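Order-wise, the sequence lines are chains A and B.
Every number in our numbering is 427 more than the matching position in the first sequence, counting from 1.
Every number in our numbering is 12 more than the matching position in the second sequence, counting from 1.
Please keep in mind that the hints were generated in silico from the structure rather than gathered at the bench.
Watch out, some of these pointers could steer you wrong.
[Claimed, not checked] Mimicking DSS-like on lysine-lysine, the simulated pairs with C-alpha atoms at most 30 Å apart in a straight line are: (1) B/K196 x A/K480; (2) B/K194 x A/K480; (3) A/K444 x B/K17; (4) A/K500 x B/K17.
[Said to hold, decoys possible] To give an idea of the chain A side of the interface with chain B (calculated C-beta under 7 Å), a few residues: (5) P455; (6) M460; (7) E461; (8) D466; (9) S467; (10) V468; (11) M470; (12) L473.
Every value quoted in this text rests on a predicted model; they were computed, and no experiment measured them.
Glycine included, every Cβ here is placed at the ideal spot set by N, Cα and C.
The residues making up each chain are set out below.
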Amino acid sequence: MIDWEDFREIVWNNIEKQELFQKEKILPETNLMEDLQFDSVAMITLFSDIEEKWGIDFTDLEDFGDRFDVCGKIYEGIRLLREKGDGG
Amino acid sequence: MDKLKSMVEYAYQKVPLYFQLAEQAGLDINNLEYEKLPIVSKDFFIEKGSSVISSEYMGAYIQGKLLYGRTSGSTGKCSEVYWDRIQEQKSLFKLWYYRKKYYGITPRDKLCYFYPADEGSDQVFMDERKLAISKDLVVQEKISLILKYLSDFEPDWMILQPSFAAILCKYSSEIPKKVIEKIKYIEMTGEYLSNSLKEKVRGIFSCDIANQYGSKEVNSIAYECPQGNMHVMSDNVYIEILGGKEQGDICVTSLQNKVMPFIRYNMEDKGSLCVNHLCGCGNPCAILELIAGRSDDFIKGKDGTRIHAYAVLSIFHHVNAITDGGILQYQIIQKEQTLFQIYLVLDEIEMREEIEYLLKIRLKERFSDMRFDFHIYSHLFPNKNTGKIACFICEC
Numbered sequence: 428m429i430d431w432e433d434f435r436e437i438v439w440n441n442i443e444k445q446e447l448f449q450k451e452k453i454l455p456e457t458n459l460m461e462d463l464q465f466d467s468v469a470m471i472t473l474f475s476d477i478e479e480k481w482g483i484d485f486t487d488l489e490d491f492g493d494r495f496d497v498c499g500k501i502y503e504g505i506r507l508l509r510e511k512g513d514g515g
Numbered sequence: 013m014d015k016l017k018s019m020v021e022y023a024y025q026k027v028p029l030y031f032q033l034a035e036q037a038g039l040d041i042n043n044l045e046y047e048k049l050p051i052v053s054k055d056f057f058i059e060k061g062s063s064v065i066s067s068e069y070m071g072a073y074i075q076g077k078l079l080y081g082r083t084s085g086s087t088g089k090c091s092e093v094y095w096d097r098i099q100e101q102k103s104l105f106k107l108w109y110y111r112k113k114y115y116g117i118t119p120r121d122k123l124c125y126f127y128p129a130d131e132g133s134d135q136v137f138m139d140e141r142k143l144a145i146s147k148d149l150v151v152q153e154k155i156s157l158i159l160k161y162l163s164d165f166e167p168d169w170m171i172l173q174p175s176f177a178a179i180l181c182k183y184s185s186e187i188p189k190k191v192i193e194k195i196k197y198i199e200m201t202g203e204y205l206s207n208s209l210k211e212k213v214r215g216i217f218s219c220d221i222a223n224q225y226g227s228k229e230v231n232s233i234a235y236e237c238p239q240g241n242m243h244v245m246s247d248n249v250y251i252e253i254l255g256g257k258e259q260g261d262i263c264v265t266s267l268q269n270k271v272m273p274f275i276r277y278n279m280e281d282k283g284s285l286c287v288n289h290l291c292g293c294g295n296p297c298a299i300l301e302l303i304a305g306r307s308d309d310f311i312k313g314k315d316g317t318r319i320h321a322y323a324v325l326s327i328f329h330h331v332n333a334i335t336d337g338g339i340l341q342y343q344i345i346q347k348e349q350t351l352f353q354i355y356l357v358l359d360e361i362e363m364r365e366e367i368e369y370l371l372k373i374r375l376k377e378r379f380s381d382m383r384f385d386f387h388i389y390s391h392l393f394p395n396k397n398t399g400k401i402a403c404f405i406c407e408c
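Make the full structure from the sequences, and use the hints.
Given below as structure tokens:
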């Protein structure tokens, strides 16, 4: 089971200017680039951290290109990959 | 295809340039058929000025809030390109993702790259993670200074144009061992990359080498996987080969840039596309193969005829293949209608006689009434204005 709070924590840790945001306001509909000022470099660091933590590879998702910037979609992607990996 | 349709509809509804094109072509902008959309040339785009900017972003454009860049002008045509910050970052994301996935490169790694001379007055920028060196230093042949910066910085990876990679190969004995040993990846971009040069660089640096094809207009178009295939960045662009033949002009539609949408934009490069493949890397995106020579490079015949420069370039490719990569770099300049100057950089100088002989025979067969003068160089320097080397130049 992938905990939303664990995911939110990773996102929070990758925000460059945390003083501008509040962790509890990171919601499923939050857009990393538009709402949290992530750039492509910060995104890569975030995805590296996620892949390392949960042992997944985002390119295994066919629609990866459509889900890499919205928190809820990324979280759902992690769950799908974990289920796949667990044979689910 | 949804993204493509959405971008096309957006462009034809929001961008003055595309309204005009729709009107001229008699297109119904509420019912667009992609194959009937006009192909847009670089010249046409440049001459249209601000009518290429979306009405949605005109306010930001006027207020100077957009990201701005200039193309290198390597086609002889320099244009301004504008991006929205977020769209630009989205267009860069996948390239970074694949750098990490394929080659283990992350933004935390130390990068050295060379920037066009007109982008800043300072020749070198350095911080903890990046060393940016002006291409002016290359053109001015200040190689020892460049090597000193590399030695002080010790990059993990570099972004190079093939012409500069060839120069580094030439001076490889002067590059400090610690620099060579530290570099784990070199990304080549901006010019045609021959296999022979790629293998030469790999041999010296013993690192991963990848070719990246892109432009300021759309950012990354195709990127080489570890299997040696250049996969199209399908989140960034929709790509076509014009003419319905196996090889032809590369035409792209940007899927990210809504500020200046590029719809069926002719890159003036030549290539071929393979869509049905099983690449060992697992990436299902189409594979692009680039061909040396711009689509508008033409040899001028005596009687006013024009022959595409590829007729000459293909001879060099063939000789390079049969000499097992004997030619590292070349440049052909048509000085007069019957006179060509050929500049060669060879892998081994001992091969000069053989390579010149092979080239002369084939060139004479094809162009019996033309003269070819050969010059052997240790390296070729890029053009000081574009920072790049063109394979073929017509000066007559």
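CA of A/K500 to CA of B/K17, is that 30 Å or under?
At roughly 23 Å apart (the allowed maximum being 30 Å), B/K17 and A/K500 satisfy the hint.
Was the hint right that A/M460 lines chain B, CB cutoff 7 Å?
holds (5 Å)
Mind checking the CB of A/D466 against every CB in chain B and telling me if the closest is under 7 Å?
At 5 Å from the nearest chain B Cβ, A/D466 passes the 7 Å test, so the hint holds.
Hint check: is the beta carbon of A/P455 less than 7 Å from a beta carbon of chain B?
At 19 Å from the nearest chain B Cβ, A/P455 fails the 7 Å test, so the hint is violated.
Would the hint on A/S467 be counted as holding, given a Cβ-Cβ threshold of 7 Å to chain B?
holds (4 Å)
Would the stated hint for A/E461 survive a check requiring a Cβ distance to chain B of less than 7 Å?
holds (6 Å)
Hint status (Cβ of A/M470 to nearest Cβ of chain B, threshold 7 Å)
holds (5 Å)
Tell me if the straight-line CA distance from A/K444 to B/K17 falls inside 30 Å.
violated (36 Å)
B/K194 paired with A/K480 [C-alpha distance capped at 30 Å]:
holds (28 Å)
Mind checking the CB of A/V468 against every CB in chain B and telling me if the closest is under 7 Å?
holds (4 Å)
Taken at face value, is the distance from the CA of A/K480 to the CA of B/K196 at most 30 Å?
The hint holds at about 25 Å.
Would the hint on A/L473 be counted as holding, given a Cβ-Cβ threshold of 7 Å to chain B?
Because about 11 Å separates A/L473 from the closest Cβ in chain B, which is outside the 7 Å limit, the hint is violated.
Against the hints set out earlier in the document, violations occur for numbers 3, 5, 12.
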